[in-house]
Amino acid sequence: MAPLFGDDARSRKMALIAATALSVSLIVFGAQKFLQDLNALLFRELLQGFSELLPSLALTKKSFAENAALNLLLLFLITYAAIWISKRFTGAPRLVLLIQTFIVSLLFQLGFYHFFQSEGQPLSIILCIVLASFAGKLLKKRSEEHRELEARQIELKLRNSELQESRLALVKQDESERRLLAADLHDQVLNDLRTIQKRFEAFARAPSSEEEKTINELLKQSMSDIREIMDELCPAMLEEFGLAAAIEERLDKGSQIASYEVRFQNNVASELLESMSAVENQLIYRLVQESLTNINKHAQAKMVRVSIEAEESDIIFRVSDDGKGIDPGSLSESSRGTLYMRLRAALIGAKVTWMQGPDQKGTTVEIRLHVQSSGS
Amino acid sequence: MYKVLVVEDVAALRQHLIKILRETVPDLQLVEACNGLEGLKLYRSEKPDMMIMDILMPEMTGIKAAQQIWSENSRAKILFWSQFHKESYVRELGKIVPDEAIHGYALKTESDEKLMHAINTVLVHDNSYIDPIVRGVQHAINIRHGMLNESESAILADLILGLTDKAIAMRQHISVRGVQNRISSLSDKLVKGLDIHAKETAGLEIFNTRMRIMLEVFRQGFIEPEEIDGLESEMASWLARRLNFEMPGSEKK
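So the sequences go chain by chain: R and H.
Numbered according to this note's numbering, the first sequence spans residues 793 to 1168.
Numbered according to this note's numbering, the second sequence spans residues 106 to 358.
Isolated chain R (complex conformation):
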């Protein structure tokens, strides 16, 4: 559309109403010829009420055609108003306003009659108002659709930017995890291997069974370190025995480090858990792992419970502790750890919620994953 009225939405809307009003009034104006007699009759009938006010009314001083421009202007104005009203209002208010418009139009017609000797056109105006109300309705529907579309577009844009942001954040985190891994490899494994090399050189010069034993121990240690690192990267339990077993293992491991009691409960049929994709498995595992790590770091818990439940087509993973608990205020959207968890969860359409633990103690982290119903 040409930017006739500037390109902001408001003037575009006005232009649209004006264009519609113009076409409606032109159509009615075109039909004026056929309506002329009826118009005159009706106008006079209506004028009866005002006859005492304006005694000179009985006369028609000028024909319709002579005041065409004036009449067209009136038609246009009334149509514009009617369209605007129909767009804005519905039901009874709309009807009242339209009737009011008609009454205002009558006053105008009286004025025109008085000042310009132009005969009125009430029927045409009624026709205009009726057509305009339909047009207004149509326009309203159109603009609603338009608005909905816009809203959807905005939402889409927003989600896109969120996704972009989460991707960036995750890439950053992946990067830092990789650094951690490199540091692990360097500090543990490489240093052990260096030590082994030195010891082996010494052993080659002067073999002793004691030295052999030490070298053996060192080799064993670095093997177990590598396995530890590998397990961090790609948990063997998850691969071999599935999510529930891997989560339980994590729980046990955490309890060994931080010495709390643990309880694990899985109430979900294994088929349902197996229906989860590999990515879902990985991410849920990481989320639970993160929750447990947080407990080890901050909670000072005595008992940690993990449960897996099914609720309709959701699988819910709950990690509860009876530790210090978290101040809900500190759980703002911006908290980094929770942000990463939320972002990871969003990748598979899961939701993470933090709440107070059972018995008003500690914290419960709830991870809710929607799974496709069976068969898919």
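Take these hints with a grain of salt, some might be off.
Said to hold, decoys possible - Beta-carbon label-pair distances, calculated as ranges: (1) GLU1024/R <-> PRO353/H: 35 to 41 Å; (2) MET316/H <-> MET1147/R: 49 to 55 Å; (3) MET106/H <-> LEU1011/R: 34 to 40 Å.
Said to hold, decoys possible - Partial list, computed: chain R residues near chain H (C-beta under 8 Å): (4) LYS964; (5) LYS1012; (6) GLU1032; (7) GLU1072.
Please keep in mind that the hints were generated in silico from the structure rather than gathered at the bench.
For glycine and all other residues, C-beta sits at the position ideal for the given N, C-alpha and C.
Following the hints, complete the assembly by docking chain H onto the known chain R.
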């Protein structure tokens, strides 16, 4: 003569394993495979007495292969030879072992002597073998005169606590048959075949093996009365962890 199927993808480790196997079992017929799928096929065609298998292998992991084999023959003897040293791993593995099977779990990182012992235990003595490093649950039971090995003393503790075969199997990550075999070897050591002797002479079962074992436990002083509380609280925490079952009165400590 024993026929043993060896499944290991790393050639050097496979050669080493075979060397140890030959030293342990003098009269050996050997079948080799280098991944789980091949192992499964050879198991079906060769029907060996025992299978020694790695877990992480290409094509098909040892666990998948074992699951398949056990579903076809629940008495198959499988000794896993793995580098995974976590208790949870052995626990999950224990869940897929059928009640009738005898299986073992030996660690690659441990000594050759231990591997030999594992092979002997499973193949010759028909007993389950789980490397003590991965068994996890540590029992405070007093082992006298080096008479009992670690796995036997663990079973003995469970017997004292009055656990059923199924519960012991779950706790020790072995099969029910593995438990029963261990109990009978325990009885051989402690009761010295008294019940079998009595049964052969009298033609009916006279003694209850488990009760005779208990009798010997107290007569020979395997366990002090004070130790029992420790054993029981250990069991309570195991029950709560594994089965979510809180023992009455166990919370107050």
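Hint check:
| no. | hint | verdict |
| --- | --- | --- |
| 1 | GLU1024/R <-> PRO353/H: 35 to 41 Å | holds (40 Å) |
| 2 | MET316/H <-> MET1147/R: 49 to 55 Å | holds (53 Å) |
| 3 | MET106/H <-> LEU1011/R: 34 to 40 Å | holds (36 Å) |
| 4 | LYS964 | violated (31 Å) |
| 5 | LYS1012 | holds (5 Å) |
| 6 | GLU1032 | holds (5 Å) |
| 7 | GLU1072 | violated (20 Å) |
Against the hints set out earlier in the document, violations occur for numbers 4 and 7.
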